[in-house]
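Please construct the entire structure, taking both the sequences and the accompanying hints into account.
Line by line, the protein sequences give chains A and B. Heads up: the first sequence runs through residues 60 to 347, numbered per our numbering. Heads up: the second sequence runs through residues 60 to 347, numbered per our numbering.
Mixed in with the good hints, there may be bad ones.
A pair counts as met if it fits within one copy or between any two copies, since identical chains are not told apart.
Claimed, not checked - Straight-line C-alpha distance at most 16 angstroms; calculated EDC-like pairs for lysine to aspartate or glutamate:
id, residue 1, residue 2
1, Lys320, Asp77
2, Lys291, Asp204
3, Lys110, Asp77
4, Lys320, Glu75
5, Lys275, Asp87
6, Lys192, Asp223
7, Lys250, Asp341
8, Lys250, Asp204
9, Lys291, Glu166
10, Lys320, Asp341
11, Lys250, Asp216
Read the hints as simulated data drawn from the structure, not as lab findings.
There are 2 protein chains.
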Amino acid sequence: MTISTDGHQGLSHFSEADSVNVVNARMDAAAHPRLRQVMGVLVSHLHAFAKEVQLTQEEWDHAIQFLTATGQICTAERQEFILLSDTLGFSMLVDAINNRRPAGATENTVFGPFHVDGAPVREMGACISLDGKGDLCRYEGHVLDLDGNPIEGAVIDVWSDNADGFYDVQQPDIQPKWNNRGVFITGPDGKYDFVGIKPVSYPIPDDGPVGQMLGKLGRHPNRPAHIHFLVKAQGFETLVTHTFVGGDPYLDSDTVFGVKKSLIAPWNRVNDGPILWHSPFDFVLVPR
Amino acid sequence: MTISTDGHQGLSHFSEADSVNVVNARMDAAAHPRLRQVMGVLVSHLHAFAKEVQLTQEEWDHAIQFLTATGQICTAERQEFILLSDTLGFSMLVDAINNRRPAGATENTVFGPFHVDGAPVREMGACISLDGKGDLCRYEGHVLDLDGNPIEGAVIDVWSDNADGFYDVQQPDIQPKWNNRGVFITGPDGKYDFVGIKPVSYPIPDDGPVGQMLGKLGRHPNRPAHIHFLVKAQGFETLVTHTFVGGDPYLDSDTVFGVKKSLIAPWNRVNDGPILWHSPFDFVLVPR
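Next comes the structure, spelled out in C-alpha cells:
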C-alpha cells in the first residue's frame, strides 16, 4: 500500500516563481482584514527584495544575526529597533504618511525617544535651563491657525539636550530634574516666550548594531542641534516637531532624516543681558 | 546676524515623495558596493511597503515591539528570527535562489535548526533509532548523477525527530545521544540502505512572538512528517533536503513552506520482521 504521493499542486507547495502567492494564500483565516493586508504586502516586498538582489545564504545568515543582536541590546532605556527605523528613514516616512498638512501649516517631524510626560508648567518668559551650561537663547513666537489668528490655550511642551549633548533623562545623576524642559500655555494673543539654551548636535547611541551599520555605510551618527516642540490645542491636530539651529554642520545629513527646510529656524545673535541668542518661530496648526 | 536658513534643497532633507532617494543618497561612502546595493534595495522595498499600506503610527509601534520581543526570546537554543523568516517563506525563497537545479536533479529544501555535525558513520543497513519508539521504516535508494550513474563515496547525513516529535538535541536528558541520526557512505553501486522510524509531524516552537503571529494569521504551527538528508559527494553540489511522508495531513500547509512535490516520498506498508514501512528514494546530484 502506498499511502500518498501525488496531486499536490497549485499554491500548496513552494516555488521560487510563485513564492508570494504561496505564502499569502495561507492568510485567509487572519483575525483582521487589515492584518492580512499589511502582512501580505510586507511578504510581497520582502520576497521582491530577496529576488532583486539575489540574496545569498551568507547574507541571510548575517541579517538573522544583525536582527537578533538589535533585539538583544534593547532595554527599558534603549530601543535599538527604533534607531534602526530612524536611520533607514522609515520613522520619518511613517510620520509623514500620518501627518500630511496643507501649505502654511507647520510640518511634523519625529517624536524621538526623550520626551517625558509631566514637565512643569512655567510662566511665559521663564528659563528652562537649570544647570547653568550653554548659551542662553530667547525662544519667541505665536501659535496660530491657518488664517493667522492666534490660538488661546495652546499647550507647548518643549525639551532639548543640554550643552553637553545629553537630555536630563540620560544623565539623571548629573543634570537637575526637568533640565531644559517645560510646558507653556498661550494667552489670548497666542504668544509664547521662554529662555532655554542654544542646543548642540549629538550622536545617537552608536555602540550597537545600528552604529556598526552606519559605520559600514560610511554614515556618521549625528543629529543637528534642535529643540523639540509638542503643541496641542483644542480643535486642532497635535503638532510634533523640532526647530533646528540654522548653520548647524549636520543640517544636510541628520542621521535620522528629521530635518525639513521649513523647520530650520533663524538664530540671531543678541546682547540682552545674559541672553546671547534669539530664535523666533511661529507654529501654525491645522483644524482637526 | 542670522546664522543660517535657506538653500537646503534636493536630497538633503526628507520628503515623503522622495524618501527612498533621500535615504539611499547617504550610502555613497559604503564600505562595499554589494552592501550599498543590498541596503538600497531593502530601503526601497521597506518604504514602498509603508506607502502601499499607509502604515499607521500605531502599527509601526506594534512592529517595533514585535521585532524587539522576537530578538529578546532568542537564546543559544532558540532562534526566533529564523522562525520568522521560515514562516514568511523567506528562508525557502533564499534557499531556492541559491540552489537552482536542472530538471531531474533532486530539489533542495531548508536546512532547519536541528542538524548536528559529527553524527556516527554507520554500516549500510544499520538502525538509527535508539529509543525503541515509533514504527520502523527501511529507507533505501541510490545516489546518482544526472545520467543515472551511481556515485561512489557519497556521504549521506540523515536526521529526524523521534516518535514523540522531538529531535534528540531538544531532549538531551530523555533521548539517547545521536537518536535518529547517522552518516552513511555509498559504495561503487551508489546504494544506501538504513532503518529509521517513520517520522511524525510536529509544531515549531509556538510560545513566542512568531507563534502569536501565526495565531493571528489563522495559521497552525505544524510541519508535516519528514526526514532530513544532507548529501555530499566530490565534484557535485551539496544537496540539503528532506523527504516527506506521503499522506501526512500537513503536506499542503507546512508552516515553513518546506514541501516540494518532488520530495514527497512513497511510504509502503511492509511485513519485514519488526520493519513496518519501506520508503524508497533516489538522490540525483548536479555536477559542481
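Hints, verified against the model:
1. Lys320 / Asp77: between (44 angstroms within a copy, 14 angstroms between copies)
2. Lys291 / Asp204: within (12 angstroms within a copy, 72 angstroms between copies)
3. Lys110 / Asp77: For Lys110 and Asp77, the Cα distance is within 16 angstroms only inside one copy (12 angstroms; across copies 23 angstroms).
4. Lys320 / Glu75: This pair counts as between: shortest inter-copy Cα distance 13 angstroms, intra-copy 44 angstroms.
5. Lys275 / Asp87: Between. Shortest inter-copy distance 11 angstroms satisfies the 16 angstroms Cα cut-off; intra-copy 41 angstroms does not.
6. Lys192 / Asp223: This pair counts as within: shortest intra-copy Cα distance 8 angstroms, inter-copy 67 angstroms.
7. Lys250 / Asp341: within (9 angstroms within a copy, 82 angstroms between copies)
8. Lys250 / Asp204: For Lys250 and Asp204, the Cα distance is within 16 angstroms only inside one copy (12 angstroms; across copies 83 angstroms).
9. Lys291 / Glu166: Within. Shortest intra-copy distance 14 angstroms satisfies the 16 angstroms Cα cut-off; inter-copy 60 angstroms does not.
10. Lys320 / Asp341: For Lys320 and Asp341, only the intra-copy Cα distance (15 angstroms) is at most 16 angstroms; the inter-copy one is 66 angstroms.
11. Lys250 / Asp216: within (14 angstroms within a copy, 77 angstroms between copies)
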